[in-house]
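Using the sequences provided together with the hints, build the complete structure.
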Amino acid sequence: MTLSESTIYDVTHLLNGTVLLLSFALLYQRRLFGVLSAFAMQSLALALAAAWQAFANDAPHLYITASIALFFKTIIIPVSLHRIVINLGIHREVETALGIGATLIVGASLAALTRENLALSLSVVLLGLLMMITRRNAVTQVVGFMSLENGLLLAAVGVRGMPFVVEISAAFAVMVAFIIFIIFGVFFFQIRERFDTLDVSYVERFRGERH
Amino acid sequence: MSAVHLVLLAPLLGSLALAAVPYRRAAAWSNVAISAVTLALSLSLFVVEPYRGRLLFVDDFNIYLVVLTAFVAFTTSLFSSSYIAHEVETGRLTPNELRFYHAMYQAFVLTLLLALVANNLGLMWVAVEGATLTTALMVGLYRTHEAIEAAWKYFILCGVGIALALFGTILMYLAAQPIMGAGLAAMAWTELLGPVALMDPTILNLAFVFLLIGYGTKVGLAPLHAWLPDAHAEGPTPISAVLSGLLLNVALYAVLRFKMLLATNEGVIAPGPLMISMGLSSLLLGSVMLYRRRDIKRMFAYSSIEHMGIITFAFGMGGAFANFAGLLHMTMHSLTKSAIFFAVGHIAQVKGTQKIADISGLTSSHPALGWGLVLGVVAIAGLPPLGIFMSEFLVLTSTMARQPLLAIPLVFGILLGFGALILRLQSVAFGPPSGRTGPVTASLVPLYAHLVLVLVAGLYLPPPLVAWFQTVARLLG
Chain B
1 MTLSESTIYD VTHLLNGTVL LLSFALLYQR RLFGVLSAFA MQSLALALAA AWQAFANDAP
61 HLYITASIAL FFKTIIIPVS LHRIVINLGI HREVETALGI GATLIVGASL AALTRENLAL
121 SLSVVLLGLL MMITRRNAVT QVVGFMSLEN GLLLAAVGVR GMPFVVEISA AFAVMVAFII
181 FIIFGVFFFQ IRERFDTLDV SYVERFRGER H
Chain E
1001 MSAVHLVLLA PLLGSLALAA VPYRRAAAWS NVAISAVTLA LSLSLFVVEP YRGRLLFVDD
1061 FNIYLVVLTA FVAFTTSLFS SSYIAHEVET GRLTPNELRF YHAMYQAFVL TLLLALVANN
1121 LGLMWVAVEG ATLTTALMVG LYRTHEAIEA AWKYFILCGV GIALALFGTI LMYLAAQPIM
1181 GAGLAAMAWT ELLGPVALMD PTILNLAFVF LLIGYGTKVG LAPLHAWLPD AHAEGPTPIS
1241 AVLSGLLLNV ALYAVLRFKM LLATNEGVIA PGPLMISMGL SSLLLGSVML YRRRDIKRMF
1301 AYSSIEHMGI ITFAFGMGGA FANFAGLLHM TMHSLTKSAI FFAVGHIAQV KGTQKIADIS
1361 GLTSSHPALG WGLVLGVVAI AGLPPLGIFM SEFLVLTSTM ARQPLLAIPL VFGILLGFGA
1421 LILRLQSVAF GPPSGRTGPV TASLVPLYAH LVLVLVAGLY LPPPLVAWFQ TVARLLG
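Residue numbers (the working numbering), protein chains in the order written: chain B, 1 to 211; chain E, 1001 to 1477.
Hints listed in this document are in silico derivations from the structure and should not be mistaken for laboratory results.
The C-beta atom is built at its ideal place from N, Cα and C for all residues, glycine as well.
Any given hint might turn out to be false.
[To be verified] Computed footprint of chain E on chain B, listed as stretches where at least three residues anywhere in the stretch have a Cβ under 8 Å from a Cβ of chain E: (1) 125–135; (2) 146–152; (3) 155–161; (4) 167–174.
Structure representation (structure tokens):
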């Protein structure tokens, strides 16, 4: 089946726009579980966008990127973060450094420049950064990082015929897996023993200088 | 299979083997042996025909960094074996952590070498990302609260940095793809060099800014340096040595490669001023921060920021002379800074503390170690006749010749850093000894080997080496 250029373009835009929209959804969540589901939705949209590019541009290797996004980021990561939050008894409210309303205004100004595909993914990247800056809980920071990474993969799958996309998505998956399973599983469990919270401002209270 | 593949294969197999070896002594010595093999193989690159493949390549620029990396990795593995022996005796590391440490050490060397010889922007990015991952895990090895914080900070800051570098890489490909077509060629250094002249300058500008910020985070350039002091202070000292001596160089290498590419396009912003301003701010920040440090490893971490600033400044100035000075400074800083960390590692073990206030009179309690530190600090502060004096002098003269006004902040920064280092050195090395004065069970060979090299380089640079640096400096443009 051959598709017209404009159909390909429209569907690509639709899917990329969905990813961007879900970036905003990430920003206004007040509950940790809400953040996790919004992230899962965003990863699902990314998986669809990657699969669409694979189909439309006849680039079968992108199906691998799509399946990494689908299985790893839509299912495994949110489910395990969910379990970590329950098992460690982490505070279920989102702890903000900047209020939700203010964050959304800043976010809107970051996305205002958006028109083309690349700019759409750049906005997702910037919104991910914004989330890392304005949310204090370690779980939300990691989700912000992964959302930023979703923006990057969106850019990478959108550029025709880019080599190493699969390797890059795999490298990111490994990195995120390390962050979650090592930092959370081992490191943060020990921090919690001392501080009883996962708020990173407690981690940062210690500035590294020994007094 | 060519020599380049073998250079990469040695640490790869080494890493897998060390993950399987549980016995401590055997593991430490196999680590040394593997590093020695890697060094020997990397030296063979000089003899064989330069390899130029689709994914890997060797040219005059990266070959010298490969050899430097393999050399410092080898001497650090020697230092590591005596350092680790002490850590195990005092019970700071368990056998399992040790196995992990050795496997990660080789994996780290592998990623550094791969980043250097990669003939592909994407492959290089994957390698630098791998280097971030392996070192972040090692920084958190001691599982203390401080170490966990350092690892977390490192992960988050360098993770974002590396993500921005990826965006820059994607943009580079986006600029190349319309001209060179889809596929591997549009991401290969060797292929890109000509067609860059035809690419869209606006996309290239955007790409370079992302790449400079992204890889600049890993170089530790101000204001993106926040991860560096923590990572250096809290990890095992051999890791501090390779972080300062090698990882920062490799990240800077990435920036320089992109600078070389952009130089051939007429319409692109000049990367020079950006690099000069980041370099100068790192230099000034590093030297000011040196004054109020209480932790000896943190202090030398700030000194690394200062020196990476000088090197970035030199390459930002550009031209054959300043590039030559930058290359020399890169080499001298690697050797000297790792030597200092070798000394500091043993000092912290002997004294049982990293606090500067609790360490004094090292030259009388532990003469060999103490004088090693004195020599190292004198070298890093830039006193003649050691190598760093010569490279700083060259940076300064080339600045004087081209941009005399920029020489003022440069000299100010260098002198500021000099003052702080000498001030601290006095209390640490001289005066009455304090704290524990037990004997050192350290191998001082790697420490003095580096210092001798730095001294020799300060007095006499062999003509072939000078010719080599000159070729590379011209290549850098």
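Go check the segment 146–152 of chain B versus chain E for me, would you? Three or more residues, Cβ under 8 Å, otherwise it fails. holds (count 3)
Given coverage of the segment 125–135 of chain B by chain E, tested with a Cβ cutoff of 8 Å and a minimum of 3 residues: holds (count 3)
Quick one: see if chain E covers the segment 167–174 of chain B, three-plus residues with Cβ-Cβ under 8 Å. As far as the segment 167–174 of chain B goes, the hint holds, because 5 residues have Cβ atoms under 8 Å from chain E.
Taking 8 Å as the C-beta cutoff, is the stated coverage of the segment 155–161 of chain B by chain E satisfied by three or more residues? holds (count 5)
Taken one by one, the earlier hints all hold for this structure without exception.
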